[in-house]
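A.B. asks: Spelled out from the first residue to the last, the chains are:
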Amino acid sequence: MLKATIDADILKESIDALSALVTECRLHTDENGVITRAVDTANVAMVSLTLKKEAFESYSSSKSELGLDIAKMKNVFTMMGKNDIITLELPENSHKLKISFEGYRYSLTLLDPSTIRKDPNPPNIDLPGKVVLPGAELNNAIKAATVVSDKIALGIDPQAQIFYMTAEGDTDHIRREFGKDEVNFLNGVEARSLFSLDYLKDMGRVMSRAAEVEVSLGTDHPAKFSFYIASGNGRVEYLLAPRIEAD
Amino acid sequence: MDFTEFAQICEQLEGTSGRLETIDIISRILTGLPDDELPIFIRFVMGRIFPDWSPKKLGIGPNLLYEGIAYVAGIRRDDVVQVINRTGDVGRAVEELLAQKEQTSFFSENLTITDVYRDLTSIAASEGKKSQREKLLLVRRLFTNARPLEGKYLSRIMLEDLRIGVGEGNAREAIAKAFAVDPVLVEYAFQAENDLGKVALLARKGNNSLRDVRIEPFRPVRMMLAQQGTINGAVADNGAMAAEYKYDGSRFQFHKAGNRCKIYSRKLEEVTAALPDISESLMAATTHDVILDGEVIAISGGKPMPFQTVLRRFRRKHGIDLIREEIRMVPNVFDILYLDGKTLIDQPLSERRKKLEGVLTGYLAPQIVSDDTDEIDRMYRDALAAGHEGLMLKVPGSPYTPGVRGKNWIKIKPDVDTLDLAVIGADWGEGKRAHVFGSFLLACQDQDELIPLSKVATGFSDEQLQEIYSLLKDRVISQQGKEVRFEPGLVVEVGYSEIQTSPNYESGFALRFPRFIGLRDDKSIDEIETLDGIRERYARQGGNRSQ
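If you're matching them up, the sequences are chains A and B in order. The numbering used here puts the first residue of the first sequence at 259, with every later residue one more than the last. The numbering used here puts the first residue of the second sequence at 435, with every later residue one more than the last.
FYI, nobody ran anything at the bench for these hints, they're computed from the structure.
Each computed DSSO-like pair below joins lysine-lysine, with the alpha-carbon atoms no more than 27 Å apart:
id : chain 1 : residue 1 : chain 2 : residue 2
1  : A       : Lys270    : B       : Lys564
2  : B       : Lys564    : A       : Lys401
3  : A       : Lys330    : B       : Lys490
4  : B       : Lys889    : B       : Lys957
5  : B       : Lys564    : A       : Lys459
6  : B       : Lys564    : A       : Lys330
7  : B       : Lys845    : B       : Lys789
8  : B       : Lys889    : B       : Lys491
9  : B       : Lys490    : B       : Lys701
10 : A       : Lys356    : A       : Lys311
11 : B       : Lys737    : B       : Lys845
12 : B       : Lys564    : A       : Lys332
Can you build the whole structure from these sequences, using the hints too?
C.D. replies: Below, the structure is given as structure tokens:
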């Protein structure tokens, strides 16, 4: 059972964070809120999303698991107005999620959770380098890199106190450096890993709305990007597997 | 079955040259497979994905595949093509490239053959604006998860060319052996079912299940094919023959049940929407449930139009109503495979013909049965004079054998014409032809310029390809991917069955069935066919192309 009302923007923000990587996911709900964790089809990127009950205008739910078709959900968004309050309702033992706002009454058939890939276990990794910067800056650097290449290196140079993003094309090269005045070095240790821009591009669009994104890095290790949504009542974590260049 | 295991089996089979040993290996695996994996395995091992009758197409071209591999390996597409050129084989190239994947993943899943089949099915199902992108993502996912050896055979399956020497014959015999059933019944069931996967399941149930197989409307059956021959030879071998015109149109199969009908092309693709006139004609011509075999010809102003006109209609998806008026499509029906719930392919042609005459009003292809070669020869000349391709001679007592190019159907047609043309480009060959050029771009001349006319890829012996390679290898002036351009100099003689208009080549024409006849070392570039000459030949073949 789920019965909740939520601001249209917060709902969109949350679903967009998921749709950057996956087209369907399992939502777990309980009295405290909603959690989901999903991995993209190639097992290269993971997303986990937590939405506390405080992110909702009103919220009550029993422990349950919902199979969400994200593409369908996004279709519903096209009808939503900016500050609409959305009512979500899933009666006990029902497979149809009722979504209503502004005179619209949707009934969305949910996916059978057992047909959706199981929640991935996040790998147990230590990512020592940690910086915090505005999501918009991060996204701008990603966008700049896509012009010259399809991959980008993210790294920390502890001597120079620099967080950098560089992309190497066949003929062109781009480097964006962030100094101490732009980035908060939580842990400025040596790190450098290469990532596919294909994934980062979509993740960057979502992160651009976050005031602060915490980036965790290692060398030839995955990267973790964490940020708050829903005025601090929700948190998103992206984990992206690196590309490792042959010697 | 894990796809790794499948790949290992493929590797074993690829290294097995003996037919019996191949059959033995496959048959031992078949017995152990559960029902859900059996059909997938038997199709995969032949390098096929979907049942032969299925209209599903994977729709992955080499380029999409190279792009997916390039991404996973972390190299450029051009570099993928280079490795393919070097190894001469997409599978081996993929195996090599996947040994050093650049993109890592959080965990790798063991792919099963069922997983692969499911993913390939979703690839085939994605259509519309974003379909290429979706296909690419699925291809990447498969290769990100695939081990090198898996990648080798996965890529070959995607291109539907497994190259491990398992054809239909071996697969049929392996099924018969695995389930101790009669090979003749396996073959019979396959002809009717058109899917060895399904046949394997039936074989597991025994001989009776195979014997009970029936043809059903809307599951297309492969078409029976003809061998080239002579009138005298056919009559000497068989006595009286049933003679019909060989139409210069396109083969079709018409399925009707109740008030529903569908039309399939020779490649068993559904073309119903492109041929509303044929549906209307045949729906009105019979009240029975039938599967008919025939040839569509195009008529304009009372005269048959070239084969191309019909083909263009087959491909057409929009604006059918507009062009319907200009060119009339006429069905010529010459066989019946199914009638009101009964499968007729086992019956002799003479019986099928009687049934056909009994249920179809009009559109029946004329037929004579005769052992008089003079009479048949007269009909042959009538056929040519009327603008048809020649004659079909069929053994009256023979069954309909789907997909078989046997001796029961003989085609009689005039020898093909030939042209002398310049070789201006080539594509690198594949497989055993990897280190030579495999197909050649040919040009005619027009006022001192060479104008591309057609490609030729058949008619060469391996020795000839080697010889041509040595003549051309030092004339390469540019190379892009698998394509090479030459400094012109070499002249070849090429046979063809028809000149067609074509947007693919600068000349505006192309050759139908181009075939290498021989080198013309004795000719220089300025002696090759002119574009005006091509135009003349094209114009001449318009009315009566036999002369």
